[in-house]
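Residues per chain, in single letters:
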Amino acid sequence: MRRLALPVAVAALLALGALVALEALRPRAGLTDAEQAQQIAAELRCPDCQALSVAESQTAAAAAIRAQIVELLTAGRSPDEVRRHFVERYGEWILLAPVAPIAWWLPVVVLVAGIGLLAAWLWRGRRREPNSVPASSSEAARRQVRDEVEQLDA
Amino acid sequence: MPMKHLRWAAMPLVVVPLAWLLFTGLGNDPRDIPSPLIGKPLPSFSGTTLDGTSFSSAELMGRPAIINVWASWCIPACVDEHPVLQSTAADYRDRLSVVGILYQDTADDARSFLVRYGDGGWPNLLDASGRIAIDLGVTGPPETFFVDAAGIVRARHIGPMTGAAMAEQLAALGLDQ
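Sequences listed follow chains A and B, in order.
Read in order, the letters of the first sequence are residues 1 to 154 in this note's numbering.
Read in order, the letters of the second sequence are residues 1 to 177 in this note's numbering.
Just so you know, these hints were derived from the structure itself, not from any lab.
Among these hints, one or two may not hold up.
As the list claims (entries may be wrong) - Simulated pairs of lysine to aspartate or glutamate, EDC-like, Cα-Cα distance not exceeding 20 Å: (1) B/K40 <-> A/E92; (2) B/K40 <-> B/D148; (3) B/K40 <-> B/D135; (4) B/K40 <-> A/E88.
What the hints assert, rightly or not - Residues from chain B shown here face chain A by an in silico Cβ test under 7 Å; the list is partial: (5) I33; (6) P36; (7) Q104; (8) A107; (9) D135; (10) G137; (11) T139; (12) G140.
Each residue gets a CB set at the ideal place from its N, CA and C atoms; glycine is no exception.
Model the full assembly from the supplied sequences, consistent with the hints where possible.
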């Protein structure tokens, strides 16, 4: 089990890295004004409901904000300026995604620390119990190991 | 192994403060967010009042003002705070302006509210487009903004005004009984 855990952890980390890279490098088409407005609305918190975006909410306040997003974009303001317009009035609370970098880095730091701890634990475990099956094992011992591993994988 | 015991003893040192932090967070009002307007000039606004006259926030300059965001459907909070606003408006008649902003409400419903609970006589603006509420960053009625004589927003009170909260905010604006 322990012997499998390290390759699995490394593989999981590699897969995660590949996904992040793929998402970051994915080509994006330019957005129309309506799509842009919809995207900004989806990032803003509806002021008078719980945990809904302005895009999803049916309240009059959300409708007023949607109307103003369209109006500001049509007036030539950039998406960032539109977001700032609402942050200046409601505070960063209005943004559904946190702005503070720590909120984004903390999970990554915890993940890496967790993998580090796991690796350290595996490393210590391996040193403490030397291989129970020596390299020059008999055919029977090898079969036994294979069976055990297959059982674990099942 | 003393090292191992030490490690177990250290556990509560981490777990207890963390649990306390998370638990106290449960008691916080998620609406109670500091307003980015504090310390900044009041956003200018204008509109039509319930009695049909036009009103501009420029009229507020020169003396402290209370801006009360309310709605006839905001029950019981707006009903509860109404007497506090009325007595404040009466007590500080010449030293303080009071303005009401209607939040997602109709003129008829707002008028019925004032007939039923008493009209303090201050202007109440209809905010049909919701623009004033956005400019003030309102998350829901009632909300009350305290503005000093220079037009700077000094405080925002979320939820119904109480006599004690009102006295505290008025004192901060330099108004004494």
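Here's how the hints hold up against the structure:
{"no.": "1", "hint": "B/K40 <-> A/E92", "verdict": "16 Å, holds"}
{"no.": "2", "hint": "B/K40 <-> B/D148", "verdict": "11 Å, holds"}
{"no.": "3", "hint": "B/K40 <-> B/D135", "verdict": "12 Å, holds"}
{"no.": "4", "hint": "B/K40 <-> A/E88", "verdict": "11 Å, holds"}
{"no.": "5", "hint": "I33", "verdict": "5 Å, holds"}
{"no.": "6", "hint": "P36", "verdict": "5 Å, holds"}
{"no.": "7", "hint": "Q104", "verdict": "5 Å, holds"}
{"no.": "8", "hint": "A107", "verdict": "15 Å, violated"}
{"no.": "9", "hint": "D135", "verdict": "6 Å, holds"}
{"no.": "10", "hint": "G137", "verdict": "4 Å, holds"}
{"no.": "11", "hint": "T139", "verdict": "5 Å, holds"}
{"no.": "12", "hint": "G140", "verdict": "4 Å, holds"}
The structure is inconsistent with hint 8 alone, although it conforms to all the rest.
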